[in-house]
Structure formats: structure tokens, C-alpha cells
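For the record, the sequence lines run as chains E and P.
At position 450 of the first sequence (counting the first as 1) the number is 450 in the numbering used here, and the numbers step up by one without a gap.
At position 64 of the second sequence (counting the first as 1) the number is 64 in the numbering used here, and the numbers step up by one without a gap.
Any given hint might turn out to be false.
Claimed, not checked - In silico lysine-lysine, DSBU-like type, Cα no more than 35 Å apart, as pairs:
(1) K108/E x K54/E
(2) K28/P x K231/E
(3) K318/E x K3/P
(4) K265/E x K53/P
(5) K246/E x K453/E
(6) K12/E x K3/P
(7) K246/E x K12/E
(8) K28/P x K265/E
(9) K53/P x K12/E
(10) K318/E x K80/P
(11) K2/P x K265/E
(12) K75/P x K54/E
(13) K107/E x K35/E
(14) K2/P x K54/E
(15) K231/E x K75/P
(16) K54/E x K80/P
(17) K80/P x K231/E
(18) K12/E x K177/E
(19) K246/E x K75/P
(20) K54/E x K53/P
(21) K48/E x K100/E
Note that these hints are calculated values from the structure, not bench results.
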Amino acid sequence: MINISEVLETNKMILEENLDVRTITMGVSLLDCAKTTVAETCRCIYEKLTSLAKDLVMTGDEIGREFGVPVINKRISVTPIAIVGASCCRRSADFVRIAKTLDKAAKKLGVNFIGGYSAIVSKGMTKADELLIRSIPDALASTERICSSVNVGSTKTGIDMDAVRLMGEIVKATAEKTADRDSLGCAKLVVLCNAPDDNPFMAGAFHGVSEADAVINVGVSGPGVVNHVLKAIRGADFETLCETIKRTAFKITRVGQLVAQEAAKRLGVPFGIIDLSLAPTPAVGDSVADILREIGLEHPGAPGTTAALALLNDQVKKGGVMASSYVGGLSGAFIPVSEDQGMIDAVNVGALAIEKLEAMTCVCSVGLDMIAIPGDTTASTISGIIADEAAIGMVNQKTTAVRVIPVVGKTVGDTVEFGGLLGHAPVMPVNRFSCEAFVSRRGRIPAPIHSFKN
Amino acid sequence: MKKAIITVVGKDAVGILAKTCTYLASEKVNILDISQTVVQDYFNMMMIVDYSKAATAFDMLSADLTRLGVEMGMKIRVQKSEIFEKMHRI
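Chain E with its partners taken away, still in its complex shape (with noise of 0.2 Å):
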């Protein structure tokens, strides 16, 4: 029977040390909306959504009061829209009216988003795939809860160049088209390496077309009580603190798992994975960077980062695949700036550059996240970037991503606030040396060899 000191423990870790589940995510299918008329599409989107998904926030928020344990967020992925108006979006404005669609639906079903206005170009682009990607400035603009990512590469295909040079234009685009909000745009759109069809977090989330018809994937979180049981045992070896975080992380996932299921059960949607990434949050105590310093580090950055975040990243893989025999998505160490106090304090001290987070990138999962940089920030910089991450997950075989912010107006030195769980930056350096010439090259780069590995 359940003692006493476990019950505390757990409901420690709830009340003190922000454990929650981030999100009930329901990936739904919509490639049977794909109709010939962008209306009956949009009619067909909206009906399916809000028929499926219509108890998704009463269920989370019910198993969140029944067990005692937040569920943040409640979200929808859908299929990657490029692919569902294919046959019936002959202009980016007709991919926008779907955008509104999803938002509308959003708003109506109440949960905060909806991951899926995407395309997947890891060769090239279909027509259709193009106009999504060009409608995404205005489809982000003109919409709240809409969340779009486009997947440029992959370790089988390589990476489509001709469609990093866009999303260095269409970021851009997206700052512009939402300059009067801090470029807020640029936060719900992510440019992908090996995007995962099972991802529940935000802004990378899409339900794969080798998905079921519906699913449920589900997000737990607790950088806070990683942290904290590290603190109790400060100074001890390598096996100690990797055995800690292992069994930590099992803790964690086994309550996404509890959740999971339940949610499935009561919503009649299969349970699809989980994802257990240490997901921080603004919150004070809510940080990955915190469980770094406690690890050993003076700042995030200091040397050593690298290290230290892929001990980090494999104990929570480690301890999670033991409390959960479906675990998908990203799963690991989230690494974003904005959204993570102790990040935030690592680049205003001047410890954290963009260069080191690229290099963190390589052992944690994703990438460059939430990431602010100076407004006039060219188009092709930001290829560069999003080319540089794409390659690390190509040839590592991993996912990667970029979201970055060229906030326009604003330069290093200044701050920018997203609010709520977006949280603030400041704006970070970016290396001013051109790579126009290279990200100008047509075609695309090819998927790397898979032996003589050095």
C-alpha cells in the first residue's frame, strides 16, 4: 500500500516544484477533408474538428482535478494543411481561409492551439506546399491560435535548400506582417530537421499522415523537480546524479502515462505516445537552465554545457522509455531562450550565445527556440541559421529546429515580451559575415552517407 512520505513526495513535487502535464495533445487526421472547393473544405475541417475534440478541455481539465495534478494546455495537431487543400487552394489566400477555419475552430472547442499549418518539403516543394509556406506571414497575422511548421530536411533526403532560402524570407515576412506585437509571429512558426508525426508541444506539432485517424499524445514536464532532487545531493559522482535524474524522469513520465490513458479512455481516442521533454516555463523554478547550474555550471554556456546537457538529456530518455512502452515525439531537454528564466539571466550576464546553443542543439532535442535577434536581421542570415541547424539534424540523425524572432525595431540590448508561457528575451548577436552567396544556390543538399562515421 501507498505510504505516507510518497504521498508527500508526489504532491511535492505538484505543489512546489511546478510538476504538471504541459499538454493533452489530440492529433487528428484531416485528409478526409481535402475536398475540391476551399469552402467545403473549410466546412468539413471545422464540423470534424468540433465534433472530435469537443469534450478535449473538459476531459484535461477533469483528470487534472480528479488526480490532483495540472494539465496545462489542451491542443489540437492536425494534418499538415499543404497536404489537405492540395486539391482545392489554388492561391495562398485560399491556404488563409483555412488557417481562419482551424482558428475558429480553436476558439470554439477553447484550447490554446492548433499545430498542423505545415508543409513537408524535406525534398521539395509540391506547388501546393509552396503556397502554404507563402501564406504563412499572413495566416499567422491574421489568426491567434495557429501554429505553423514546415520540415526542410531529413537524415534519408537531405535538406531542400530552395526551401530554407523561403523560410529565411517568409520568417522575415512574419515579423513584419506582426511588427505591431513584438513580431509574435515568428513564435508560432518553426523550421524543422526530422520532424517527429507524433509531436505534441508547440509550434512543431502536426498529426503525420502515418497517424491514425485520431490520437492522443501527451506532454509531461518537471525541469522544477529534476532541480530540486539534484540539490539534495549536490557534490555526488557521475552514477548518483545520472541515477537520480533516471529515476526522476520515470516518475515524471509514469504521470504523463497515468494521464494518457485516462484521456484516451474517456475520449475514445487511441493513446498515441508520450513525450517526456523537460519543458520549462517563465516561472520562477520552472527552468532547465536551473538544473544545469545545480549540475555544475556557473551559467548556461560556460564550458562544460555541452557535456553537462547531454548527460542530462540521455538520464531523462533512460528513465523515461522505462515508464512509458510508447514514447515518441521530441523527448528530452527543451532548450528555448525566452521561455526559460535561467536562459534569459545566462545572455544578459553575456555566458550564452547563439553559437553555444547551436552546439547544444546537437545532444538535446530540437533546437534554436525562441530565440529573439535584431529586426534587420537579413533573410539570408537566417537561412544560414536555419541551414546550419537542419544539418546537424540531418547528419546526426535527430530532429532540429529554428524559432527565431528578427524583432523589427528592436536590436541587442533591447527586450522583447511574448507573455504568458512565451515568455520575455532579450535580443541576442547575431554573426554579421554574409552566407548570401551559399543560401542563393538552387537545389538541395544531399542526405549524408551512412557508414564511416567519425
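Keeping the supplied structure of chain E fixed, place chain P upon it in accordance with the hints.
Quick look at chain P alone, frame taken from chain E:
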């Protein structure tokens, strides 16, 4: 059997257990086990209960217990027991 865990946390005082148990009895919630400890002057009590014959819905029990806790100056939470079993038992 439907098991839940009730935790009562706060400054120690007379009658905490009596009031909580009286409420549970009136709602036909059966107490299976009680343990308590005092950590840094704070009274921590845990009850394992069976609410399968409870007269009211789980959400109502939870709301009533929270209110009772406020009246006594304590924090009372009721949670379905699976969260603890999942986390601490393989």
C-alpha cells in the same frame, strides 16, 4: 473498490481528524488506512479511502473537503490513488 488518497496539511490543532472523519462518514466514504506525521511543526495526515459507495460525485467530495479544510485553516486535497501507485510502484 475505488481508492482515493486524502491529505490534510497544516498547523496542528484539536479536532482535525474528527471533523474530517465525520464528513467522510456522512458521505459514506470508507476509511481504509490513516497515517500521520509532523514535519517542522506541520501536521501531515494521509487517509486511504474507498469512495465507491459515496453519496456524492468525486468532484463534489473534493470541493466539500477543500471547503472543510479552509474552515479549519488546513489544506485538504483528495486525489484518486492511481497517480501515487503509478509513480511509486512498477
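Each hint, compared with the structure:
1. Simply put, K108/E and K54/E have alpha-carbon atoms about 9 Å apart, close enough for the 35 Å limit, and the pair holds.
2. For the hint linking K28/P to K231/E, the alpha-carbon distance of about 43 Å lies beyond 35 Å, and the restraint is violated.
3. A hinted pair counts as satisfied when its Cα atoms are at most 35 Å apart, and K318/E with K3/P qualifies at roughly 31 Å.
4. Between the alpha carbons of K265/E and K53/P the distance comes to roughly 23 Å, so the proposed pair stays at or under 35 Å and holds.
5. For the hint pairing K246/E with K453/E, the CA-to-CA distance comes to about 29 Å; that is within 35 Å, so the pair holds.
6. For the suggested pair K12/E and K3/P, the alpha carbons sit about 21 Å apart, so the restraint of at most 35 Å is met.
7. At most 35 Å may separate the alpha-carbon atoms for a hinted pair to count; K246/E and K12/E meet this at roughly 18 Å.
8. Between the alpha carbons of K28/P and K265/E the distance comes to roughly 28 Å, so the proposed pair stays at or under 35 Å and holds.
9. Proposed proximity of K53/P and K12/E is supported: the alpha carbons are some 30 Å apart, at most 35 Å.
10. At most 35 Å may separate the alpha-carbon atoms for a hinted pair to count; K318/E and K80/P meet this at roughly 28 Å.
11. Distance hint between K2/P and K265/E is fulfilled; the C-alpha atoms sit about 17 Å from each other, no more than 35 Å.
12. Restraint check: the Cα-Cα separation between K75/P and K54/E comes to about 33 Å, which is no more than 35 Å; the hinted pair holds.
13. Between K107/E and K35/E the CA atoms are separated by roughly 23 Å; this keeps the pair inside 35 Å, and the hint holds.
14. Restraint check for K2/P and K54/E: satisfied, since their Cα atoms lie roughly 28 Å apart, inside the 35 Å limit.
15. For the hint linking K231/E to K75/P, the alpha-carbon distance of about 27 Å falls within 35 Å, and the restraint holds.
16. Taken as a hint, the K54/E and K80/P pair is honoured in the structure, with Cα atoms around 25 Å apart against an allowance of 35 Å.
17. Of the pairs offered as hints, the one joining K80/P and K231/E holds, with about 30 Å between alpha carbons and a cut-off of 35 Å not exceeded.
18. Taken as a hint, the K12/E and K177/E pair is broken in the structure, with Cα atoms around 44 Å apart against an allowance of 35 Å.
19. Restraint check for K246/E and K75/P: the C-alpha separation of about 31 Å stays at or below 35 Å, so the hint holds.
20. About 30 Å separates the Cα atoms of K54/E and K53/P, which keeps this hinted pair within 35 Å; it holds.
21. A C-alpha spacing of about 15 Å is found between K48/E and K100/E, which places the hinted pair at or below 35 Å, so the restraint holds.
Comparing the model with each numbered hint stated earlier shows that hints 2, 18 do not hold.
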